Amino acid sequence: MPVVSRFEIESRQYLDEQGRACGAMPECARDLATLTELYRQMVLARSFDQKMLALQRTGQLGTFASGVGKEAIDVGVVSAMKPEDALLVTYRETTAQLARGVSLLELLIYWGGDERGSNFAVPRGDYPVCITIASHCCHAVGAAYAFKYRKQPRVAVCMLGDGATSKGEFYEAMNGAGIWRLPIVFVVTNNQWAISVPRAAQTAAQTLAQKAIAAGIPGIQVDGNDVVAVRDVALEAMERARSGGGPALIEALSYRLADHTTADDASRYRSADEVVAAWKREPIGRLRNYLLAQGAWSRPEEEALLKSCSEQIQAATQAYLAHPPPQPAQMFDHLHAVLPAAWAWQREEALDGSSHDGSDHTR
Amino acid sequence: MPVVSRFEIESRQYLDEQGRACGAMPECARDLATLTELYRQMVLARSFDQKMLALQRTGQLGTFASGVGKEAIDVGVVSAMKPEDALLVTYRETTAQLARGVSLLELLIYWGGDERGSNFAVPRGDYPVCITIASHCCHAVGAAYAFKYRKQPRVAVCMLGDGATSKGEFYEAMNGAGIWRLPIVFVVTNNQWAISVPRAAQTAAQTLAQKAIAAGIPGIQVDGNDVVAVRDVALEAMERARSGGGPALIEALSYRLADHTTADDASRYRSADEVVAAWKREPIGRLRNYLLAQGAWSRPEEEALLKSCSEQIQAATQAYLAHPPPQPAQMFDHLHAVLPAAWAWQREEALDGSSHDGSDHTR
Amino acid sequence: MAPITLVEAVNMALARALAEDDDVVILGQDVGVDGGVFRATLGLLDRFGPERVVDTPIAEQLITGMAIGMAAEGLRPVIEMQFSGFAYTCIDQMLNHAGRMRHRTQGRLSCPMVLRTPCGAGIHPPEHHSESPEGMFAHIPGVRVVYPSSPSRAYGLLLAAIADPDPVIFLEPTRLYRLFKEDVPDDGKPLPLDTCFTLREGSDVTLVTWGAMVRETLQAAERLEQEGITADVIDVATLRPLDMDTILASVAKTGRCVIVTEAVRSGGVAAEIAAHLAEHGLLSLFAPVMRVASYDIVVPLSRLEGRYMPDTERVVSTVRKCLAFG
Amino acid sequence: MAPITLVEAVNMALARALAEDDDVVILGQDVGVDGGVFRATLGLLDRFGPERVVDTPIAEQLITGMAIGMAAEGLRPVIEMQFSGFAYTCIDQMLNHAGRMRHRTQGRLSCPMVLRTPCGAGIHPPEHHSESPEGMFAHIPGVRVVYPSSPSRAYGLLLAAIADPDPVIFLEPTRLYRLFKEDVPDDGKPLPLDTCFTLREGSDVTLVTWGAMVRETLQAAERLEQEGITADVIDVATLRPLDMDTILASVAKTGRCVIVTEAVRSGGVAAEIAAHLAEHGLLSLFAPVMRVASYDIVVPLSRLEGRYMPDTERVVSTVRKCLAFG
Ligand SMILES: Cc1ncc(C[n+]2csc(CCOP(=O)(O)OP(=O)(O)O)c2C)c(N)n1
Ligand SMILES: Cc1ncc(C[n+]2csc(CCOP(=O)(O)OP(=O)(O)O)c2C)c(N)n1
Ligand SMILES: [Mg+2]
Ligand SMILES: [Mg+2]
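Residue numbers (this note's numbering), protein chains in the order written: chain D, 280 to 642; chain F, 280 to 642; chain Z, 519 to 844; chain G, 519 to 844.
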């Protein structure tokens, strides 16, 4: 019987678990200055992540979703973006947001339970954290449509998880992006878990990258713990999208090294062995080894970096704790551009109400 | 770079446009008794379709969606089902419903705007027409789950259109069917149009069959105007599903020879030439030619069949027009198993209300 | 200028908005060459091209979510949901995103979009084409819900909705699309949102309604006038937020209120209006606030539709009951 | 038997239903080995196996639609939506299919399913975890909406919901999951649906509420009693259909009614109750029907949550206002 179409899913990796080149390296691997900068971003992000967990434990922050383990995906993808592009993230992309220029203080304020943390000074055009799984895939299509409509060479980057690939909106969005050949890159962090549900229980598809075939767009798999490979596939997809070549899907393989959130206890549903094994493939040590081997990094630089990270984080934490608490007015003042007259009395009542400093976080 | 997965989409056809065998025929092509029975079903369905259009035009029926052109898909798929399987259809599968045993009268009552038409005497387990595109794909997954759960060798067959393949629920359903390896066959009638939107504007995917790859299940394309090919792929998929081999997607290529519904005027958006060309590929003449060539059909049989169809349809129409009108009580009596006390007065009020025979149909 | 129907007024407003502002983009199923299944977008593709009048795949969540992304980028998308029975899947995007984007980012991003959809029963179509979901939509914070009932109000309110800096769900009474015509000058003048329209004045009872039911309610008022009973007839028009001041003032005058809605009785906008009267209008009321509504059941297929939803007779008899009270 | 929490009572009811009827199947995200994010399904996988306690992919429409298909085949699926903020995408399936299957086929197929989901604010979680969508659900014909407020009512009402031959949306007050314990004998006895529970009797005012707000309302009633003001406190429990007889009888006695809801003020179940009183209880009322509700805004992130939703103080002061009237 005749075959009417054929497809292949390719997978890309350059650095092995020890940070050694496995095969011919791509051009971007030679740009050691950039790789060093990405390394700095990853280290800052991981330190910040630890601080967030500590603050949550001590009741100074709300529920937090750790991004430990996926730093290479976040910084690799963002490194391929331009400032005027738009990033659409889930709750697990704090690292990507930092790399885009969102401040530590803003992230603290957001995770502390205050909308002001999503009013980024930079980047003004990036989207706030999206909690409802995969719904932002559709927003990304709209943003990309606007870019194309205005003939702006901008790209929308939409990050999501392996679990999110089961949601209808993900497929609807990929399909729309394909129809209009929009400048959009979907990046799936396949960290093997969606809370307690393992990747294998999420779909019978052998890879998540092949889901792109349903929309007639390119899909590729990449080792998400290898920042060189992530940057390489991201650059390729972004450049194609920017120059009118249409959308793509990237599946980045990684592992969720932490609990799902601070409200979760992953030891209930996965073995310690699995986590220990995954730590061996984590991205930061791998890149450090590579940079050290290339002579692009040194122990003193490492120490200075750690010190600087901890100072930045300390300063941001102090600013956060000293930040004036949100006032009830902010619940009303951006509901609409102008508060409809019908709700004016409610705003007044709320402002008069009994005081509540809102500092308790029980979950 | 290593390729981690490979896929092919195959397409199947046995009868050419003139009804001549093109290549080796499958086993089911030799069963001329069954093919003759399918031919009878197709002819009855097409005559009935014409009657429905006529009744609608004369204000004796509501909006109707013609199934002309897709008869081979409907009867081919149903011929591969067992009575105890479940069929889930859209508004365009009147032919399939007839083939399953739904009566002409029931179909008239339904399209006349009366729920009693969906209370089929046979088959009791089939699903009513689903109008909200692709939502029934999820019901099919649930039905198939129930069959598997009860270890019954039954299959759920879910029919949908090319436009429906853009809906998230279709993907969610295929994905779920894949995860649990459920006995379910999705059949997409690709009739090239979703109201005024052509297939090419619905997705950038080269085939609709390849959408199965996203769920990790088999997908295959078939000439939907070739009843032999449809029956062949359907038998294959149904047998695999029934014996625990899991779900499949069939894309059946055809053409919507009529307006979308009686409320539509397709000449607004597609050329007469295209429709004329499509009529050359229609399924009934093709099968007739094949049966005639095989000596399994004759002119006298044809005439007798047409006469019998018209008598059956005439009798059903008379029964429909004489059928007692629905009474307001039926709006309340199956809302819940027992009407909650809170609504009892509403039922009473409705029964007392001013009379309205409901026979006008403006759309 | 010849009088036009409601759906022609919608078309005229869309054309004007497209002509005046390049940021306006129309999206939906069959809005292009087909001009929409009700012809609301007729001729717009030819005039404004396929980038501004965009046929979408059948994917309501995508359409709505896309509009949110476009709006966040400063476009003014106007989407058409083919029927409101297919718009329930959009509630998630409207509630969790459209109505929240401005608040969530404290003003950094916003969502100036319009979701248009035909509403209501009475045209004898197949299942799911006769829905009255306005009560659900009107419960969504951060979103306006507008429901015009005449060609001129459709024109002016749609222009206002498109110009509004925030999301608007714009419901169109299918049954009235072609039922009558009005002179509607294409003057680009928006009508005020958040405001009721008093269509008729009287002193004995306040009749409050919206959408297609405005027609039966006006007919009822006319019939009642022949019996010497005069009514204020208020077209609520914007269902969220509600202009209760106008309604309260009328009830203060008449002392009686009957609310007419095509939606099922329990819950919804009629309940909110009655609740507000029970809270802020109690001393004005000489009689119970009565609701004329569809029954609390599934919209039946077409043959019983007329027994499901209110008709003029039900309005008249309820008003008589209300007047007989006390 | 030691006293148990509300979430433990849910778990006990689920276990009992699974044990008694092979047709009962549980589905949802993380309901298996994790036991659900709130542990409502803890231990059920071990006891009943992965075919009856089914982890699903993240696909709310699939989960709901699947349950409809399972129910049509005679199973009794009980699905868990992880949070009600993610359940809006299910409205389409619940409204267009679950609530219609029996009517659509005139009794041939039916839909005995339960959709469970945690509801309400006050646990300081991330966005979308604090929703009160009951008003939308309670507007859906053919569907029951049940919202227990104590361990024993959760147990008895959940058993009744699972046994019911029709679809039930079962809302669970997240804030009360672990807040207090009760003795709940595992006797398999269902509690009646469609019936309010009068939790406290008094003569000065009727306080009507449901879900987590029952707690603040009872606290308010206690505080008021110290001032000599006594209240009927009614837990509505089933929000569709409403047992208005109980509420009307109480208001006939007290003459005053305050409705307490965590949902936004405009629309919803509180409006329906007030509207019903305005229609059928007017002559009993000595004072306006007052609502204590959340503001008509987006649920804020956790730091302002306490300023958004009603607290005991707001209930007490509204009751005082109500009593001061007239
Ligand atoms: C629509 C929706 N359903 C359910 C949830 C609850 N939920 C939060 S995170 C999560 C798992 C997501 O898994 P994945 O997409 O793999 O992302 P990860 O958490 O691993 O980064 C779930 C089910 C949600 N936020 N949104
Ligand atoms: C969810 C939903 N959206 C929109 C519609 C309106 N509608 C009815 S039929 C149709 C086109 C369907 O096209 P396709 O799936 O190709 O089926 P066909 O009509 O060609 O058989 C549309 C958009 C609907 N019924 N349901
Ligand atoms: Mg994951
Ligand atoms: Mg089609």
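No lab work stands behind these hints: they were computed from the structure.
The structure presented is a predicted model; accordingly, all values stated were derived computationally and were not measured.
All C-beta atoms in this analysis are idealised placements derived from N, C-alpha and C, irrespective of residue type, glycine included.
Errors might be hidden in some of the hints.
Derived coverage of chain G by chain D (criterion: at least 3 residues anywhere in the stretch with Cβ under 8 Å from a Cβ of chain D; other residues may be distant) [what the hints assert, rightly or not]: (1) 541-555; (2) 635-646; (3) 817-831.
Some but not every residue of chain G turned toward chain D, in silico, with C-beta under 7 Å [as the list claims (entries may be wrong)]: (4) 569; (5) 573; (6) 575; (7) 577; (8) 579; (9) 813.
We went through each hint and held it up to the structure:
no.	hint	result
1	541-555	holds (count 7)
2	635-646	holds (count 6)
3	817-831	holds (count 11)
4	569	14 Å, violated
5	573	5 Å, holds
6	575	4 Å, holds
7	577	5 Å, holds
8	579	6 Å, holds
9	813	5 Å, holds
Comparing the model with each numbered hint stated earlier shows that hint 4 is the single one that does not hold.
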